[in-house]
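Colleague: Let chain A serve as the given structure and place chain B on it in line with the hints.
What follows is each chain in one-letter form.
There are 2 protein chains.
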Amino acid sequence: MSQEITLVEVALRDGSHVIRHQYTKEKVIEVTKGLNEAKVPYIEVSHGDGIGGSSIQYGFSKDSDIELIRAAKENSPFSKIACLLLPGVGTLDDLKEAREAGADMVRIATHVTEADISAEHIKFAKNELGMEVVGFLMMAHMASPEVLLEQAKLMESYGADVVYCTDSAGALLPSEVKERIELLVANLNCKVGFHAHNNLGLAIGNTIAAVEAGASFVDGSARSMGAGAGNAQTEVLVAVLDKMNYQTGVDLFKIMDVAQDIIAPLLPEPVIIDNDSLILGYAGVYSSFRLFAQRAGKKYNVDSRSILMELGKIGVVGGQEDMVMDIAAQLSKRQE
Amino acid sequence: MSQEITLVEVALRDGSHVIRHQYTKEKVIEVTKGLNEAKVPYIEVSHGDGIGGSSIQYGFSKDSDIELIRAAKENSPFSKIACLLLPGVGTLDDLKEAREAGADMVRIATHVTEADISAEHIKFAKNELGMEVVGFLMMAHMASPEVLLEQAKLMESYGADVVYCTDSAGALLPSEVKERIELLVANLNCKVGFHAHNNLGLAIGNTIAAVEAGASFVDGSARSMGAGAGNAQTEVLVAVLDKMNYQTGVDLFKIMDVAQDIIAPLLPEPVIIDNDSLILGYAGVYSSFRLFAQRAGKKYNVDSRSILMELGKIGVVGGQEDMVMDIAAQLSKRQE
Chain A
794 MSQEITLVEV ALRDGSHVIR HQYTKEKVIE VTKGLNEAKV PYIEVSHGDG IGGSSIQYGF
854 SKDSDIELIR AAKENSPFSK IACLLLPGVG TLDDLKEARE AGADMVRIAT HVTEADISAE
914 HIKFAKNELG MEVVGFLMMA HMASPEVLLE QAKLMESYGA DVVYCTDSAG ALLPSEVKER
974 IELLVANLNC KVGFHAHNNL GLAIGNTIAA VEAGASFVDG SARSMGAGAG NAQTEVLVAV
1034 LDKMNYQTGV DLFKIMDVAQ DIIAPLLPEP VIIDNDSLIL GYAGVYSSFR LFAQRAGKKY
1094 NVDSRSILME LGKIGVVGGQ EDMVMDIAAQ LSKRQE
Chain B
794 MSQEITLVEV ALRDGSHVIR HQYTKEKVIE VTKGLNEAKV PYIEVSHGDG IGGSSIQYGF
854 SKDSDIELIR AAKENSPFSK IACLLLPGVG TLDDLKEARE AGADMVRIAT HVTEADISAE
914 HIKFAKNELG MEVVGFLMMA HMASPEVLLE QAKLMESYGA DVVYCTDSAG ALLPSEVKER
974 IELLVANLNC KVGFHAHNNL GLAIGNTIAA VEAGASFVDG SARSMGAGAG NAQTEVLVAV
1034 LDKMNYQTGV DLFKIMDVAQ DIIAPLLPEP VIIDNDSLIL GYAGVYSSFR LFAQRAGKKY
1094 NVDSRSILME LGKIGVVGGQ EDMVMDIAAQ LSKRQE
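Protein chains in written order, with our numbering: chain A, 794 to 1129; chain B, 794 to 1129.
Excised from the complex, chain A in its bound form (with noise of 0.2 Å):
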């Protein structure tokens, strides 16, 4: 029961979203060093949509990804440096300045039905970069335990260190990530990791389930600083696993001031679960689709919530935005 979880710290990404991409390399480094100095072992440093994100979709960055990280590394004599790389979005070059700025490992990161597209970035980081490489499967809740296993035997295939189970919905019951890591840990060579949201208010539940199911990699933000309802609090999980009996080496006191120190002056607001973020994991759809959802339900004077609960039903990827105003007038006559 002395097992080793590592952590991954995404607040410097997926905390990213928090400010809309607006860290300044002064920013980094000061809480580079107060992981450091908490021992946390992977430190993911990167755009929120990962590197190369920078842009008009995305939004643009303040300082560069390759200027972020390099000041990471040089400040982290510890923690190795992660970054995140989402493939259409970054690319080959942007990779290999990150490797060049520092960064140990990258996650390659698909939609979780779409492993394929990340063969030649995986091959790449792990052949030519000689990086520590994992893929990233989002949207985990879309898949079935079965297709989840499936695509992760392809990440594995292109050369993976560790494949990631991502709930990016915050969709995911305790009992549902139990089956899905279950099955990952006892069919993959690699090793596992869980990502965990907490719009349904589950991301400790949900990451504990996953290290009791063999997960060895989880990933937490500081003051929950992430996407929407925001990871699995950091500092709560590093707790939570001491009293569990399970090693992750960080100094639980350290990373406990980090959060209340330095990250939490940082967030605009405390990061809860609003009803917006629970609408979405509750329907499981992506976040990209709340906008629309609410126009369209002004438009058709539906509740935008019972659009993103039909929209969830179907099964909606990004891309498909333009479904909503359909869904939408349907559920406008249905209410007639």
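Do not take every clue at face value.
Which copy is meant is left open, so a pair is good if it fits within one copy or across any two.
Said to hold, decoys possible - Calculated lysine to aspartate or glutamate pairs in the EDC-like style (CA-CA distance at most 20 Å, straight line):
| hint | residue 1 | residue 2 |
| --- | --- | --- |
| 1 | K1047 | E893 |
| 2 | K1036 | E972 |
| 3 | K826 | D954 |
| 4 | K1106 | D1035 |
| 5 | K1047 | D1096 |
| 6 | K971 | E1005 |
| 7 | K889 | E867 |
| 8 | K889 | D856 |
| 9 | K1036 | D1067 |
| 10 | K1106 | D909 |
| 11 | K1091 | D1050 |
| 12 | K946 | E913 |
| 13 | K1091 | D1054 |
| 14 | K832 | D887 |
| 15 | K1036 | E969 |
| 16 | K1047 | D1069 |
| 17 | K1036 | D1069 |
To be clear, the hints were calculated from the coordinates, so they are not data collected in a lab.
Modeller: Chain B only, in chain A's frame:
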């Protein structure tokens, strides 16, 4: 799998701590009307420390318990009204007045090892006043499952219709909740309830563990409006229980509206897990010790969190606050 779960909303009682017991009749009416419309089965209305709690020691209420209970009852054709009573704080006379003002249910609360002091109050409420009666065993993490059961059996023998496992410090893990609730359910004839706090980020996770283990009464507070890190967030709990196919009868969209439109504006600040709450849950210590530990820590130059951890190991209970200085002095010596 379509088991019925009875929800008790505690924002008008546990949430009273958050606003230092300054609920007005008008606010209680507004909240009650919303909860009633959302079809919440029970609404608990009391001073944070129970009826009769208004005092120098616990803080004075703005409007009296009795007025607030009456106002809630008059505006609640559907939801039943509950009140909390701690023997030693509230009296039989207080309870009689609460009953006359319209309270349908009383929850008699004691420390987990002191069920015997609830005998008179439970019997009076049940036999003289004809109320529904709940036995509320607080700080449940401080007793073994076997001791908890023994104490619960006492409350059942006095006439309790429901006995609660109350995680006052938010210190239990899901596995510990499961073990306790399963034992209670297997050995009691009365119903079993669970009350969570979110100090370890497990309020929702623990509550669903309790339900899966057979609990049929659960507490929530809209927007987590409860002491410290708050309770299981009601609107989130309703969504999660619905996803798991349990029946609460609560209208999800309406309870979401109450949380966002009525409760959120009452909060002086959003309820989150800060370091003070986290360390209390991690140490398993009652919140009254926090200020004492901070003072002693300053005096002896010891981290107050280390003091709280020591107090947790010893298993201090309310009334033993005089031990804090000694512990701090010992830790200070050890540091040298």
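Colleague: Evaluate each hint against the coordinates.
Modeller: Hint check results:
1. K1047 <-> E893: Classified as neither; 30 Å inside a copy, 53 Å across copies.
2. K1036 <-> E972: The answer is between: 16 Å across copies meets 20 Å, while 23 Å in one copy does not.
3. K826 <-> D954: Classified as neither; 27 Å inside a copy, 55 Å across copies.
4. K1106 <-> D1035: Classified as between; 15 Å across copies, 38 Å inside a copy.
5. K1047 <-> D1096: This pair counts as between: shortest inter-copy Cα distance 11 Å, intra-copy 45 Å.
6. K971 <-> E1005: both (8 Å within a copy, 15 Å between copies)
7. K889 <-> E867: within (18 Å within a copy, 69 Å between copies)
8. K889 <-> D856: Classified as within: same-chain Cα gap 18 Å, cross-chain 66 Å, threshold 20 Å.
9. K1036 <-> D1067: The answer is between: 18 Å across copies meets 20 Å, while 29 Å in one copy does not.
10. K1106 <-> D909: This pair counts as neither: shortest intra-copy Cα distance 25 Å, inter-copy 51 Å.
11. K1091 <-> D1050: between (44 Å within a copy, 17 Å between copies)
12. K946 <-> E913: Close inside one copy (15 Å), not across copies (64 Å); limit 20 Å.
13. K1091 <-> D1054: between (41 Å within a copy, 19 Å between copies)
14. K832 <-> D887: Neither: 28 Å inside a chain and 54 Å across chains, both beyond 20 Å.
15. K1036 <-> E969: between (23 Å within a copy, 12 Å between copies)
16. K1047 <-> D1069: between (32 Å within a copy, 14 Å between copies)
17. K1036 <-> D1069: Intra 32 Å, inter 17 Å, cutoff 20 Å: inter-copy only.
Checked against the numbered hints given earlier, the structure breaks hints 1, 3, 10, 14 and satisfies all the rest.
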